[in-house]
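Turn these sequences into a full structure, and let the hints steer you where they fit.
Protein chains in written order, with our numbering: chain A, 1 to 364; chain B, 1 to 364; chain C, 1 to 249; chain D, 1 to 249; chain E, 1 to 190; chain F, 1 to 190; chain G, 1 to 89; chain H, 1 to 89.
Bear in mind the hints are in silico, worked out from the structure with no lab data behind them.
Since the model is a prediction, treat every value here as computed from it, not as a measurement.
Be aware that a few hints might be false.
Only pairs whose alpha carbons sit at most 30 Å apart, straight line, appear in this in silico DSS-like list of lysine-lysine [said to hold, decoys possible]:
{"no.": "1", "chain 1": "G", "residue 1": "Lys-64", "chain 2": "C", "residue 2": "Lys-188"}
{"no.": "2", "chain 1": "E", "residue 1": "Lys-162", "chain 2": "C", "residue 2": "Lys-223"}
{"no.": "3", "chain 1": "C", "residue 1": "Lys-183", "chain 2": "G", "residue 2": "Lys-83"}
{"no.": "4", "chain 1": "D", "residue 1": "Lys-188", "chain 2": "H", "residue 2": "Lys-36"}
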Amino acid sequence: MGIIEGEKKAFMTGNEAVAWAALVAGAEIMYGYPITPQNEIMQYWTRLAPKHGRKFLQTEDELSAGFTTIGGVLTGKRAFTATAGPGNVLMQEPMSMAEAMRIPTVVVVQQRGGPSTATVIYSQQEVTLTCFGGNGEGLRVVYSTSSHQELYDYTIKAFNTAWKYRFPTFVLADGYQAKMRESLVLYDPEERGIEMVPTEPFVGKPGMPGEDRPPAHLRNTYNIEEELEEVLKKDIQEYEQMAPEIIEYDEFNTDGADVLVIAHGVVFRSAAMAVRKLADEGLKVGYFRPITLRPFPQEQLRQAAAKAKQLMVVESAYGQLLKLVKDNLYGMDLPIHTHLRPGVGVTPEEVVADLRTVLEGRED
Amino acid sequence: MGIIEGEKKAFMTGNEAVAWAALVAGAEIMYGYPITPQNEIMQYWTRLAPKHGRKFLQTEDELSAGFTTIGGVLTGKRAFTATAGPGNVLMQEPMSMAEAMRIPTVVVVQQRGGPSTATVIYSQQEVTLTCFGGNGEGLRVVYSTSSHQELYDYTIKAFNTAWKYRFPTFVLADGYQAKMRESLVLYDPEERGIEMVPTEPFVGKPGMPGEDRPPAHLRNTYNIEEELEEVLKKDIQEYEQMAPEIIEYDEFNTDGADVLVIAHGVVFRSAAMAVRKLADEGLKVGYFRPITLRPFPQEQLRQAAAKAKQLMVVESAYGQLLKLVKDNLYGMDLPIHTHLRPGVGVTPEEVVADLRTVLEGRED
Amino acid sequence: MDIQPKMPKSWNAATKPHKFCPGCGHGLILKALGQVIDEMGIQDRVVFGCDIGCSLLSWDFFNVDTVQTHHGRTTPVMVGIKKARPDRIVIAYMGDGGGYAIGSQHLVNAATRDDKITVILVNNTVYAMTGGQMAPTTMPGQKTETTPFGRDVEQAGYPMMGPEMVAAITQEGAYVARGSVAKFRKLKEYIRKALENQIAMRGFSFVEALSTCPTNWRTNAEKTWEFVEKIMPEQYPLGELKVPVIKEG
Amino acid sequence: MDIQPKMPKSWNAATKPHKFCPGCGHGLILKALGQVIDEMGIQDRVVFGCDIGCSLLSWDFFNVDTVQTHHGRTTPVMVGIKKARPDRIVIAYMGDGGGYAIGSQHLVNAATRDDKITVILVNNTVYAMTGGQMAPTTMPGQKTETTPFGRDVEQAGYPMMGPEMVAAITQEGAYVARGSVAKFRKLKEYIRKALENQIAMRGFSFVEALSTCPTNWRTNAEKTWEFVEKIMPEQYPLGELKVPVIKEG
Amino acid sequence: MGEAVRIAIAGEGGQGVQSVAMILTEAAALDGKEFLYIPNFGVEQRGGVSIAFVQIGDEKIGAPKFKTGDIVIALSDRAVRRMGMHVGSETLFIYDASIKDVEDDLPKNAKKIMAIPALETANKELHPRVFNVLIMGAVIGVTKVVSLEKAKEAIEKKLGYKFEQNPELRELNFKALERGYQLVAEMGVA
Amino acid sequence: MGEAVRIAIAGEGGQGVQSVAMILTEAAALDGKEFLYIPNFGVEQRGGVSIAFVQIGDEKIGAPKFKTGDIVIALSDRAVRRMGMHVGSETLFIYDASIKDVEDDLPKNAKKIMAIPALETANKELHPRVFNVLIMGAVIGVTKVVSLEKAKEAIEKKLGYKFEQNPELRELNFKALERGYQLVAEMGVA
Amino acid sequence: MKKAALKAISKDVHKGKAVFSIFPGLCKGCGLCREKCPEGALSWSEELGVYGTPTVIPDPEKCKACRTCERVCPDCAIAITRKTGEDKD
Amino acid sequence: MKKAALKAISKDVHKGKAVFSIFPGLCKGCGLCREKCPEGALSWSEELGVYGTPTVIPDPEKCKACRTCERVCPDCAIAITRKTGEDKD
Ligand SMILES: Cc1ncc(C[n+]2csc(CCOP(=O)(O)OP(=O)(O)O)c2C)c(N)n1
Ligand SMILES: Cc1ncc(C[n+]2csc(CCOP(=O)(O)OP(=O)(O)O)c2C)c(N)n1
Ligand code: SF4
Ligand code: SF4
Ligand code: SF4
Ligand code: SF4
Ligand code: SF4
Ligand code: SF4
Ligand SMILES: [Mg+2]
Ligand SMILES: [Mg+2]
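Okay, here's the thing in C-alpha cells:
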C-alpha cells in the first residue's frame with residue numbers, strides 16, 4: 001500500500017494511532033458516533049480517509065454505528081467503529097448480532113468512567129461488558145492494550161483475527177491511552193511481513209443467486225431451541241479451538257514470586273513499573289498480564305500462579321479483572337490481594353506501597 | 001387494598017402472575033415494549049390496570065421503556081417494566097443510569113435464547129447481562145425465580161427491595177415460566193403481614209425549591225475521576241452492607257454430599273427432582289440454589305460446598321452460573337462437573353443421567 | 001399441460017408455501033416486490049434486508065442475497081451495505097413497529113441524510129409477530145392486545161403518519177408513497193419507482209404498504225378486505241407524497 | 001445603591017457564573033426559560049430534564065427540580081414523569097444531537113403520541129460537548145471535526161429540519177416553533193406558549209432554538225452573531241410552525 | 001413434586017391442539033389436581049406445528065418440559081415427524097389413522113404405536129369441528145388423568161358461551177368426548 | 001521505563017497551558033527524548049481548570065499519570081487549589097506571584113514552594129500573550145529536560161506560521177523563553 | 001434445491017378460453033381470492049390445502065378468467081392461463 | 001447556599017438617567033454585548049472577569065440605556081437600572 005514507507009517513529013495520541021493503524025490495515029470504511037474519549041479516532045480518520053479513498057459515515061447513534069459496521073463487513077470490506085462507555089453499552093446490541101452470525105466486526109473501545117455517563121475520562125470498567133456483553137456467551141475476542149505501540153499493533157491484528165476466525169473483535173483501551181501523546185513506530189504491515197487476512201463478501205457476490213450460486217440467506221433467529229443449540233455448539237467449539245491460537249499474555253519474574261501482580265491495559269504499566277522497582281531491590285515479585293482478556297490465557301496464568309505464593313490483582317474497576325482471574329484459577333488457593341479503583345487511574349507508587357504491605361505481611 | 005380477599009389458588013401463566021403481583025404490590029404504572037416471551041405481562045396489566053386506577057404506557061422501544069420507568073420512579077411511584085433478550089440488552093442503558101443514581105426501578109426479565117434475536121423461547125443466558133450489564137460494577141439486585149409462586153412472591157418483594165435499598169432490582173425468570181400455566185396462591189401482601197416499603201418522590205415534592213426545600217439536582221455525570229470514585233465507594237459500601245440482609249438461597253442434603261448440584265431458576269426444578277430422586281435411592285447428593293444471583297450467597301455456598309465432595313453446575317447457558325460459582329468459591333478445589341445447555345431446557349432425567357455418571361466415576 | 005405456479009422468478013420456490021399466515025399481506029407485498037425485481041431484471045444486484053417482526057419470515061423468501069437483522073435495525077444494516085457497495089440495490093423491509101417505533105431514529109436519519117436506499121414498510125396496524133400489541137400505526141379506537149378497550153388516543157397516542165413525516169424531511173430527489181395490498185398494481189408501481197429512484201441515485205426512497213393481518217385482527221376474508229380497503233385509508237391516505245423531478249440526460 | 005445581577009429568580013445563583021463557555025447560547029436560552037418560569041410563577045411545579053451534551057452543564061442551573069439524564073434520553077424520562085404526575089410541568093432540554101440523532105425515536109414518538117410535554121431543543125449545528133463534530137443540523141458545507149472539508153451533503157447527508165418534522169406528525173393541539181437566541185423576545189414568547197400549551201394539556205410542545213457555540217465554531221463575537229443571526233436562518237427559517245387553536249371556556 | 005402423567009399433543013394450527021390442552025387442564029383443576037401446561041411457541045409459529053405439553057398429577061409438577069412423554073399424540077403428518085424427538089421407550093404414540101405416507105417416519109422406539117380413526121369418526125359420526133374434543137376423550141381414555149364428568153364440566157366452562165347460542169353443540173361435544181374415550185377402550189388401550 | 005521528570009502545569013482555559021505542554025514535548029522529541037503528555041479533560045472543561053501532565057525522560061515513559069509531580073505549576077487561584085492533590089514531599093511547587101489570597105491554599109507538604117513573577121514580567125517586559133512561553137522557560141530552567149535550543153526549534157515549528165505574518169513575534173517568544181529560564185535561575189532554583 | 005412439481009388441479013373456465021389452476025400445496029384457504037372474485041365464481045373445494053383447510057374451486061360458468069383471484073392470492077396458489085392471446089398481468 | 005453579593009462596577013449613563021452595572025464575577029468577556037450595542041457604546045475594560053478576560057465598560061456619553069447589552073448577555077453580567085420610570089424588559 002505504501003502509506004507508510006519504512007518504519008517511522010512518531011509522537012501522537014492513541015486515538016491518532018488507531019486511525020493510522022486502521023488505515024494501514026486496509027480498513028475501507030469507518031462508521032461512528034461521537035463519544036469522549038474516542039472522538040479523535042473519527043477526527044483523524046475523516047482527515048486521512050479521503051486521501052486514501054477510504055470512507056466514513058457518521059451515524060445517528062451507536063446502535064446504528066454498530067449495525068452499519070455490520071453492513072459494511074457483510075459486503076466484504078474491512079469496516080470498523082469505535083466507542084466508549086454508554087456507547088459501548090448500546091454497541092452490545094449490534095455486537096450480539098455479529099456474535100450470532102459470525103460477522104467479523106472490529107470495534108475499538110476507549111473505556112471511560114461508569115456506570116452511566118459517569119466521567120468522560122478513564123476506567124477499566126468495561127471489561128465485563130466488552131467480553132460478555134449482550135444476551136450471549138461472549139464469543140468475542142478482546143485485546144487489552146497498554147501503549148500506543150500496542151494500540152497500533154493490535155488494531156492491525158484485530159482485523160486479521162476477526163476475518164480469520166469470524167468472531168467480533170475488540171481492541172480495548174481507555175481514555176488515558178486515547179488522549180495521551182507518546183511515541184510509537186508506525187509501519188506498513190506488509191513491510192513487516194504481516195499479511196492481511198483476505199476478506200470475503202457475505203452478500204453481493206457475483207452471479208445470479210439461485211442459479212450460479214446459492215443466495216446468501218443470513219439469519220440470527222431460530223424457530224426451536226434445538227436449532228439454536230446446534231448453532232451455538234458449533235460456534236462454541238470453534239471458539240474454543242481457536243483460543244490457543246490467539247491467546248496472548250506477558251509475564252515477568254513469575255518463578256517463585258512472593259507476590260504475582262496481575263493487571264491489564266494501561267494499569268499494567270503501573271504494575272510493571274512497581275514490580276520491576278521492587279524486583280530491582282531484590283524482592284521476589286513478578287507480574288502476569290493477560291493481553292487477550294477473551295479468550296483468557298487460563299493455562300498460562302495457572303502455570304504462573306502455581307509458581308507464586310500470593311496474587312495481587314490491580315485494576316481501575318471494582319473486580320472485573322478479578323472475576324476473570326478467579327474464574328480461571330478456580331481450584332487454586334493462593335491468597336488474592338486486590339487494588340481496585342473503579343474509574344480512577346493507578347500509579348506505580350500506589351502499587352509499590354500495596355506490594356510492600358503485602359510482602360511485609362502487614363495486610364489484614 | 002383489597003384487590004384479593006384472602007388466599008386464592010389459581011392456575012395461570014407466569015406472565016399473568018407477574019401482572020397480579022405488581023397490582024397487589026401497589027405498582028402504579030407500567031411502561032413497556034412488547035417482546036416475547038414477556039408480552040402477556042403487558043397484556044394482563046392493560047386489562048387489570050384500568051380497573052384499579054393504575055396506568056400503562058407503551059413506549060417506542062426498550063430504551064424508552066427503561067427511561068420512562070426511571071421517570072415514573074422519580075415521581076415516587078412504584079413503576080416497573082418487563083423485557084427479555086435483545087430488549088434486556090437495550091435495557092442496560094437505562095439501568096446503568098438507575099444504578100448510578102440509585103433509582104429503585106423494578107424490571108422483570110423473561111429470558112429467551114441468545115445471543116441476538118436467537119429464539120423467543122427460553123434460556124438462562126441473561127444471567128451475566130442482568131447481574132453485570134452496563135458499564136458499571138453491577139450494583140443491582142437479581143432474584144432468580146423458579147415457579148409461579150415465586151414469580152408472584154418475588155415481584156412483590158422486588159418493589160420492597162428496590163425502594164428500601166435504592167438499587168435497581170430485577171426479577172429474572174424465563175420463557176418457560178412466562179408461558180406455562182401452573183398453580184399458585186394469590187394473596188394481598190398486607191394480609192400476609194408484608195408491609196410495602198413506602199415510596200418517596202425524588203422530584204416534585206411540595207414547596208418552593210430553593211426556598212422551602214432544596215431543589216432536587218440529580219445527576220449521573222462527574223467532572224473528575226475522584227468525584228466519581230467517591231460516589232462509587234459509597235454505593236459499593238452500601239451495596240455490600242445490604243447484601244447479607246437480602247441474600248436468599250435454598251439447599252438440600254448438603255451434608256457430606258458426594259455431589260452437590262448447583263442450579264437456579266426453572267432449571268433448579270429439574271435439578272431438585274433429579275437430586276431428590278437419587279437421594280431417595282440412598283445416594284449422597286444434594287443441591288444448592290442461589291435465589292439472589294446478585295448479591296450472590298457466597299458464604300452460604302462456600303459452607304455447603306465445604307461439606308461436599310464434588311459439584312455439578314446445571315444451567316441453560318454456557319457457563320454463566322458457572323462463572324458466578326467459581327468466582328464465589330475461589331480458593332476451594334472441589335471438582336466441578338457441568339451440564340451446560342445454552343438456550344435449551346434441562347430435564348430431570350438428563351440431570352439424573354449425568355449425576356449417575358459422576359457418582360459412578362465414569363466421567364472423564 | 002404442465003402447469004406451474006406463477007411465482008416470481010426471484011422467489012425461492014424451495015421455501016414455498018411461505019411461512020406467513022393465510023391471508024397475510026406480507027405475501028402480497030413480497031409478490032409485488034418479486035415481480036418488480038423480475039421485471040427490472042435486478043435479482044443479481046439486490047440485497048434484501050428483513051427486520052424482526054413477521055418480516056423475518058422472509059429471510060429465505062427470495063433467491064436474492066438476504067440478511068435478517070434485528071428489530072428496527074434493518075435500515076442501518078442496509079445503509080451500511082449501501083455506503084460500502086453503492087452498486088448494490090438495497091431494500092430494507094420492515095414492519096410498522098420496526099420502522100416507526102424502535103427503528104424510527106434510523107428511518108428519520110437515513111431519510112434526512114438522503115441515503116440512497118429503498119425502505120418498504122408494512123403497515124398492518126399491529127405488532128403482529130409478538131401477538132398483536134398496539135403499533136404506532138394502530139388506529140384510534142382499535143382493539144389490540146395492549147389496548148384491550150380500544151386505542152384511547154389521549155392515553156396511548158395517535159397513529160404515526162410515516163410517509164408524511166418522511167416527506168417532510170427529505171430532499172427533492174426522494175420518493176415517498178403509501179400503497180396498499182388492496183391496490184396491487186399501484187403498489188407495484190410505487191415499489192418500482194422507489195427502486196428506480198435508488199438506482200438513479202436520486203435520493204431516499206420510501207414506500208409504506210397498508211397490509212393485512214387476519215391473525216391478529218381476528219378477521220375473516222371479508223372483514224380483512226374491508227379493514228385494509230375501506231377503514232385503513234380513512235386514516236392513511238393512499239398515493240405518492242413525493243415524486244422526484246426526473247432530470248433527463 | 002446595592003445593585004444585584006438581574007438573574008431570573010428561578011436561577012440558582014449559587015452556581016453562577018454558570019459552566020457554559022463565554023458567549024454560549026445555552027446561557028441565553030436558559031435565561032429566556034428562567035424569565036418565563038418567573039413570569040408564569042411555575043417554579044415550584046416545573047421538573048427540568050437536561051440531556052448529555054452541553055445541556056448537562058445545567059444540571060444545577062435552576063432552583064427547580066432537575067434530572068440530568070442520558071444522551072438523547074431526556075424525552076423519555078420526562079414522558080415517564082409526566083405520565084406518572086400529570087400535574088407537573090415538565091421541560092425536556094436537549095441539544096440537536098440528543099434530540100435529532102440518538103434520541104430522535106423518542107422525539108418523533110412523543111410527538112406522535114401527543115405527549116403533553118415541552119421539548120426545548122438547542123440547535124447549535126454541532127456536537128458541542130464532544131468537541132465539535134458534525135450534528136444532524138450541521139449546515140451544508142460547514143466544517144466540523146468530522147467534516148473537516150465541509151459537510152458534503154452527498155456523503156454526510158442534509159441538515160435535519162426538526163420543527164418541520166414535528167409539525168408534520170403532530171396533532172392540532174401541538175405547538176411547534178423555531179426561535180433563536182438572536183431574537184430573544186420572540187424566543188421567550190415561543191417558550192412561554194409552549195409551556196402554556198402543556199399546562200392547558202392541549203398537546204405536544206416543541207421549540208427549537210438556534211443557538212451559538214463560539215468555542216466549536218471558533219468565532220469571535222462578531223462572527224458568532226453573524227452565523228446565528230444571518231447564516232443559520234437561511235437554512236432554518238424562524239417562526240411558529242404550528243399554533244393550536246385555543247378553544248375558549 | 002410427584003410423578004405426573006406427561007402428555008404431548010401436536011397438530012396443525014387449525015386443529016385445536018391448544019384448546020384441548022386448555023380444557024383438559026381445566027378439568028384437572030376442577031378435579032383438584034395439579035397441572036403444568038406449556039404450549040410450544042416460536043417465531044415461525046404461523047406455519048409451524050402446534051404442540052401442547054401437559055403434565056397432570058396429584059402434586060405440584062416439577063420440570064416444565066419433558067423430553068419424552070407418556071402419551072404423545074400427532075394429528076398431522078408434520079406432527080408425526082416433529083414429535084419423534086419426544087418419544088421414548090415408555091411412550092404410547094397415537095396418531096390419526098387418516099394420516100398417510102408416514103410409516104417411515106413413525107417413531108421406532110415407542111412402547112406402543114396406535115393409529116386411531118379419530119378424524120374419520122368425527123367426520124362421519126359427529127362433525128369435523130369436534131375432532132379435537134374427540135381427541136381429548138381419547139387422551140382421557142388412555143390416561144384417566146381426569147374423570148369424564150370433570151371433563152364435561154370443563155367443556156361447559158370453556159365453551160358454555162357457545163352453547164348458549166347453539167345448544168346442540170353441547171351434546172355434540174359431549175358425544176365427541178365419550179366417543180374418543182370409547183374409541184381407545186375398543187382398541188384395548190385404556 | 002526509566003525515571004522521567006514529571007511536570008504538571010495548571011491554569012485557566014485562556015492561559016495557554018496546553019500549548020506550553022505541546023511545545024515542551026515537541027522540544028523533547030526534537031531532543032531525541034521520550035515523553036508522555038496527557039491533558040486533563042472532563043465534561044465541565046469549559047469552566048474548569050486546564051491541566052497538562054507531562055513526563056519527559058530518556059526511556060519510554062511508564063504510567064501515564066502521576067499522583068505527585070516533580071514540578072507543579074499553578075497559574076491561577078483555582079489552579080493553586082486544584083493542584084494541591086498532585087503535590088508531594090518531592091514536589092517543587094511554583095505559582096505565579098500575582099495570584100492573591102491563596103496563602104491558606106498553598107500545599108503544606110511540598111519540598112519547596114516558589115512564587116515567580118511570571119505574569120508581571122511578561123506584562124511589563126514583554127507582552128501578556130507570551131506569558132505561557134515565559135512559563136515554559138521557567139519549567140526548562142528548573143528541570144533542564146530540554147535544551148533552550150531545542151525549545152526554540154519547537155517554538156519555531158509550532159508557531160512558525162504565526163511568525164511569518166509577524167516576524168517580531170519570534171523574537172518576543174524567544175525572549176520570553178529566555179526570560180523565564182533566567183527568572184528561576186535568579187531565584188536560585190535552577 | 002428446487003421442489004418437485006406441485007400438484008395442480010385445473011379446470012377449463014370462461015367457455016374453455018382459459019384454464020383455472022389451483023395448487024393445493026400452496027393454498028392456505030385464506031379466502032382472499034374468493035372474496036375478491038368479481039363474478040362470485042369461487043367456492044370452497046373438497047380438496048384440502050397445505051394447512052388442511054379447504055381450497056377454492058371456480059364455477060366454470062361464472063369465471064371470466066379476469067385473474068383477480070390470481071393477483072390477490074398471497075401464496076401464488078392460483079394460476080389462470082388464457083389459451084389464446086397474451087398472458088400479461 | 002446563596003453566594004455573597006457580587007461585586008458590581010456601576011456607571012451613570014444616558015445623561016445620568018440610568019446606571020450601567022457590570023459584575024466582573026459573572027462576565028466571561030465573550031463580547032456578545034459589545035457587538036450588539038446599537039450605539040457602539042461598549043469597549044473592553046481594564047477590569048478582568050471571572051476567566052481573567054477583559055470585561056466591558058460603556059461610554060456614558062453614547063450609552064442610551066437601551067438594555068440590549070443586558071438582554072444579550074448569556075451570563076446576566078450586566079444590569080441596567082433606569083432611575084426613573086419603570087424597569088420592564
Ligand atoms: C430489541 C427488541 N425488542 C423487541 C423485540 C420483540 N419484537 C419482535 S417483532 C416485534 C414487533 C413487530 O411488529 P412490526 O414491526 O409491526 O412487524 P409485524 O410483525 O407487524 O409485521 C417486536 C416488538 C425484539 N425482537 N427485539
Ligand atoms: C450513548 C452516548 N453516546 C454518545 C455520547 C457522547 N456525547 C456526549 S454529548 C454528545 C453530543 C452532544 O451534542 P448535542 O446534543 O448537539 O448538544 P450540545 O453539546 O451541542 O449542546 C455526545 C455524542 C454519550 N454521552 N452517550
Ligand atoms: S401474524 Fe399477521 S402479519 Fe404476521 S404472518 Fe400472520 S397475518 Fe401476517
Ligand atoms: S462548547 Fe459550545 S455549546 Fe458547549 S458550552 Fe461551549 S459554547 Fe456552549
Ligand atoms: S379469474 Fe376472475 S372470475 Fe375467474 S375465479 Fe378468478 S377472480 Fe373470479
Ligand atoms: S387467496 Fe390463495 S391461499 Fe387464499 S384461499 Fe385463495 S388460493 Fe388459497
Ligand atoms: S455579554 Fe456578558 S459575559 Fe459577554 S462580555 Fe458582555 S457582559 Fe461580559
Ligand atoms: S444599554 Fe444599550 S446603549 Fe447602553 S451599552 Fe447597553 S446596549 Fe449600548
Ligand atoms: Mg406491524
Ligand atoms: Mg448541538
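Q.
For a C-alpha distance cap of 30 Å, please report whether G:Lys-64 and C:Lys-188 respect it.
A. Holds: G:Lys-64 and C:Lys-188 sit about 24 Å apart, inside 30 Å.
Q) Given the hint that C:Lys-183 pairs with G:Lys-83, does the C-alpha gap stay at or below 30 Å? A) Roughly 27 Å between the alpha carbons, so the hint for C:Lys-183 and G:Lys-83 holds.
Q) For the pair supplied as a hint, D:Lys-188 and H:Lys-36, is the alpha-carbon distance within the 30 Å limit? A) Holds, at about 19 Å.
Q: Mind checking the alpha carbons of E:Lys-162 and C:Lys-223 for me, to see if they're no more than 30 Å apart?
A: Holds, because 21 Å separates the two Cα atoms, which is no more than 30 Å.
The structure meets every hint from the earlier list without exception.
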